[in-house]
Amino acid sequence: MFLLSYHLDAAHLVVELGEVVDLDNEAAIEREIVRLLPCCGPRAIIVHIRTPLLTPRALGLLLRVRGEAEERGVSTAVVAGHDKARQVLGAAGLHRVLRVAATLPGAELRSRGCRPEPEAARNAKSGGRRGAPPPAGAPLRPLGPYADTSRPRFPGER
Numbered sequence: 001m002f003l004l005s006y007h008l009d010a011a012h013l014v015v016e017l018g019e020v021v022d023l024d025n026e027a028a029i030e031r032e033i034v035r036l037l038p039c040c041g042p043r044a045i046i047v048h049i050r051t052p053l054l055t056p057r058a059l060g061l062l063l064r065v066r067g068e069a070e071e072r073g074v075s076t077a078v079v080a081g082h083d084k085a086r087q088v089l090g091a092a093g094l095h096r097v098l099r100v101a102a103t104l105p106g107a108e109l110r111s112r113g114c115r116p117e118p119e120a121a122r123n124a125k126s127g128g129r130r131g132a133p134p135p136a137g138a139p140l141r142p143l144g145p146y147a148d149t150s151r152p153r154f155p156g157e158r
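Taken in order, the sequence shown gives residues 1 to 158; the numbers are from the UniProt record's numbering.
Keep in mind the hints are simulated off the structure, nothing from the lab.
FRET-style restraints, in silico, Cβ to Cβ: (1) Arg50 x His95: 16 to 22 Å; (2) Ala10 x Pro56: 31 to 37 Å; (3) Ala27 x Leu109: 27 to 33 Å; (4) Leu36 x Val97: 17 to 23 Å; (5) Val20 x His95: 17 to 23 Å; (6) Pro52 x Arg72: 27 to 33 Å; (7) Asp9 x Asp83: 25 to 31 Å.
Glycine included, each C-beta is placed from N, C-alpha and C at the ideal position.
Please model the complete structure; the sequences and the hints are all you need to start from.
Listed below in structure tokens is the structure:
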């Protein structure tokens with residue numbers, strides 16, 4: 001089994017998965033991806049899914065690879081360029097767990113823990129009143145992958 005892999009930069013290793021994962025090739029694909037983890041020393045691995053068909057075996061494979069990578073201190077992200085593949089990952093509830101993105105630059109950001117920007121924020125940056133800096137003394141929003149959930153919540157307070 002040969003998987004195309006390349007370094008996006010010093011910290012990101014991209015592994016392209018161009019075929020449907022089934023019973024015959026599942027173990028070989030998993031061995032190949034896990035084999036790339038220790039020798040390359042990346043801080044993040046991005047699995048680029050090139051096929052629109054994601055089988056249950058592919059989902060299991062992605063979760064096992066994520067587990068192996070997390071044990072070694074390597075973060076993971078998944079690029080699913082096809083709408084069907086993203087729909088399957090979303091329906092399985094794995095969109096956040098696997099840090100799924102539609103593009104390679106998006107997956108690079110997700111592997112660093114950045115959340116995708118909401119559409120309104122992107123539009124505001126292009127100009128207009130919403131793009132103005134916050135007023136002095138306004139609290140800054142926390143940044144990070146779990147910024148909304150990591151703040152303590154108290155009833156009646158925002």
